[in-house]
Amino acid sequence: MATRTSVGSGLWSAAGTWDTGVPANTDTVVIATGHTVTFDVDQSAFAAGIGTLTIQSGGTLIASTSAGNYYLKMAGHIQNSGTIQAGTSAAVRYPSNCTFTIYFNGNYQLNNQASHAGKVYFYCYQPVVTYAKLISASPKAITGISKAATCTVTCVGHGYSAGNIIYLVNVGGMVELNDCRVRVKTVLTPDTFTIRWYDADVTVDSSGFTTYTSGGYVCPQEAEASSQTQIEIDTNVSADAEWTRAGAVVNIDNVNRNRQSEAYTVSGVAAGYLTLSSGLKNAKNSSSYAVLVTRNITVTSSSTAISNGVIRYGTGCVIDCSVRLGGTGLAAYQVEYSTLNGAYVNNISNCIACSIGGSVSAAQITGGAGNTFSGISTGGSTSTAGAGVASETAFTMTSGAVIAGSYVGVLRTSGVLAGTIRGCLYGAYSNNDITVTGRVFDNAFGVFTCFAVFKSSKLFGNGVDVSRTTGFAFNALFASPTENGGYSISNMATPAILESFDHDATAGAFRAWTRGGITSSTATSPPTGRTRSYQTVCESATYPGWYQREIV
102 MATRTSVGSG LWSAAGTWDT GVPANTDTVV IATGHTVTFD VDQSAFAAGI GTLTIQSGGT
162 LIASTSAGNY YLKMAGHIQN SGTIQAGTSA AVRYPSNCTF TIYFNGNYQL NNQASHAGKV
222 YFYCYQPVVT YAKLISASPK AITGISKAAT CTVTCVGHGY SAGNIIYLVN VGGMVELNDC
282 RVRVKTVLTP DTFTIRWYDA DVTVDSSGFT TYTSGGYVCP QEAEASSQTQ IEIDTNVSAD
342 AEWTRAGAVV NIDNVNRNRQ SEAYTVSGVA AGYLTLSSGL KNAKNSSSYA VLVTRNITVT
402 SSSTAISNGV IRYGTGCVID CSVRLGGTGL AAYQVEYSTL NGAYVNNISN CIACSIGGSV
462 SAAQITGGAG NTFSGISTGG STSTAGAGVA SETAFTMTSG AVIAGSYVGV LRTSGVLAGT
522 IRGCLYGAYS NNDITVTGRV FDNAFGVFTC FAVFKSSKLF GNGVDVSRTT GFAFNALFAS
582 PTENGGYSIS NMATPAILES FDHDATAGAF RAWTRGGITS STATSPPTGR TRSYQTVCES
642 ATYPGWYQRE IV
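The sequence shown runs 102 to 653 under this note's numbering.
Simulated from the structure, these hints should not be mistaken for lab results. We treat Cβ as the ideally placed atom computed from N, Cα and C, and that holds for glycine. Fair warning: there could be bad hints in the mix.
Listed next, the in silico DSSO-like pairs over lysine-lysine satisfying Cα-Cα at most 30 Å (straight line) [unchecked claim]:
# : residue 1 : residue 2
1 : Lys556    : Lys248
2 : Lys174    : Lys220
3 : Lys241    : Lys382
Label pairs and their computed distance ranges (CB to CB) [claimed, not checked]:
#  : residue 1 : residue 2 : range
4  : Thr314    : Ala149    : 52 to 60 Å
5  : Ala238    : Met102    : 50 to 58 Å
6  : Ser339    : Ala242    : 15 to 23 Å
7  : Gly501    : Gly471    : 16 to 24 Å
8  : Ala371    : Gly264    : 31 to 39 Å
9  : Thr595    : Ser500    : 32 to 40 Å
10 : Thr494    : Ala148    : 40 to 48 Å
11 : Ala326    : Gly117    : 57 to 65 Å
12 : Phe552    : Ser167    : 49 to 57 Å
13 : Thr314    : Asn265    : 20 to 28 Å
14 : Ala238    : Ala148    : 45 to 53 Å
15 : Ala371    : Gln214    : 41 to 49 Å
16 : Ala191    : Thr287    : 47 to 55 Å
Starting from the given sequences, assemble the full structure and let the hints guide the process.
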């Protein structure tokens, strides 16, 4: 074992770059201030790996962009006070004919220092399609969905019976039912049926929904049985080089309101389906996700759980890559203290204002501030009972982002949730200051024990839309059979209130839930000169039902 220190900028493989020759297995390596070293070697054959790599302030390690496979094997920490880079920007990504892998052979990490001095800029090559949805081997095309008090679905030769559980997948226009799990209420004809909500025998009223435009499938609840190797998907990825790259890994992530994420190597790709190297461990529901988790930049580890993250600390970093524990990827519930910051990431901690992008799966965002998430996070982890996002502040979830299939979607977080949260036990839980502008659906509990502001948000198909939650709603839709299920319980504070203005996206409508009862607007018997009155249905002998207005 020797210590090798850079004496100037150059190739890693060049003896002249180092004071005592090219680094070898177990060596300690230092990239000195002011030097840029281009990593152009494959160390996968090293027995252990580089002992420690220190990048001093002003030093840079940059991955070679010449066609080839580059592999940095570490038997110790990377102590980064400088810069590590692969790819130049979101517009100039790491070339698709290159791969760059950092492999930690043990419980080690890329440490950007508690001061966040180190910078990491990873811009992987992104596939055209990052994920697809499971649609079963027997999808039936939807040709119409009525906008009526009793919602009717037109699907020629549907073959379903009353009581069957189905998914309405990829519905155009009527976003309130897109990818939603419902039950067949009544079969009208061989080509039409009405629907009821999954959790309660309540007919779906679609009269206030967005108008259906086109497309979509009726799919059975179970898309794929356990031990199945052929997975039918809604997107043809057979021409996508990233899906057909040798060794490509997908996560098959369920939307069954509980974390269930399984990693598989793809052994074949054809139009309409994937072939997996081994059979599914568990059955998967329709509209579950097949997420491509491999990228041409990878940070990986032999360890299955790193308490402080395989990448730790960092301000303003871009970690758009694959970060996976345990070699080829693990189910989310085997990972702790995880933060998503890239294409597939499941172990980063304490990043601040980092760029979070790509298609992310089976992991958790946690412990950061000011982060923006624009990918797909599914599964969750054992940490915080499997949360997709946990303990973030000033967090932004963009409109295109998805959190699905976690035990908890968003936990103990403040910020804006503009994307989709679905298929979780709790969509949002114990968040002290969130603004919900997106879709929250098909969760057992949509928003639970939170202070929340709902702005033109859509909550539907949940067991309960909101529970034990205070705040305000503006032009928001609460379409599940139980809009608010926890406003009167004993742990709600006496003055706690959730008020909904333009309730259910209806101009002028109002509803307020308090511990003592519900106040709703009504056009019945309004005071003289008024168009509506407010009626309080009292539900407690102890606490008042009420609503509040600012009077000037």
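Tested hints:
1. Lys556 - Lys248: Between Lys556 and Lys248 the Cα gap is close to 23 Å, so the pair holds against 30 Å.
2. Lys174 - Lys220: At roughly 20 Å apart (the allowed maximum being 30 Å), Lys220 and Lys174 satisfy the hint.
3. Lys241 - Lys382: holds, 26 Å
4. Thr314 - Ala149: 52 to 60 Å: holds, 59 Å
5. Ala238 - Met102: 50 to 58 Å: For Ala238 and Met102 the Cβ distance comes to about 57 Å; the hint holds.
6. Ser339 - Ala242: 15 to 23 Å: Because 21 Å falls inside the window, the suggested range holds.
7. Gly501 - Gly471: 16 to 24 Å: holds, 19 Å
8. Ala371 - Gly264: 31 to 39 Å: Holds: the Cβ-Cβ distance is about 34 Å, inside 31 to 39 Å.
9. Thr595 - Ser500: 32 to 40 Å: holds, 37 Å
10. Thr494 - Ala148: 40 to 48 Å: Because 43 Å falls inside the window, the suggested range holds.
11. Ala326 - Gly117: 57 to 65 Å: Roughly 60 Å apart at Cβ, these two residues keep to the hinted range, so it holds.
12. Phe552 - Ser167: 49 to 57 Å: Check passed, 53 Å falls within 49 to 57 Å.
13. Thr314 - Asn265: 20 to 28 Å: At roughly 25 Å between Cβ atoms, Asn265 and Thr314 fall inside 20 to 28 Å, so the hint holds.
14. Ala238 - Ala148: 45 to 53 Å: The hinted range 45 to 53 Å holds for Ala238 and Ala148, with Cβ atoms some 47 Å apart.
15. Ala371 - Gln214: 41 to 49 Å: Holds - the Cβ-Cβ distance for Ala371 and Gln214, about 47 Å, lies within 41 to 49 Å.
16. Ala191 - Thr287: 47 to 55 Å: holds, 50 Å
The structure fails none of the hints (numbered hints given earlier).
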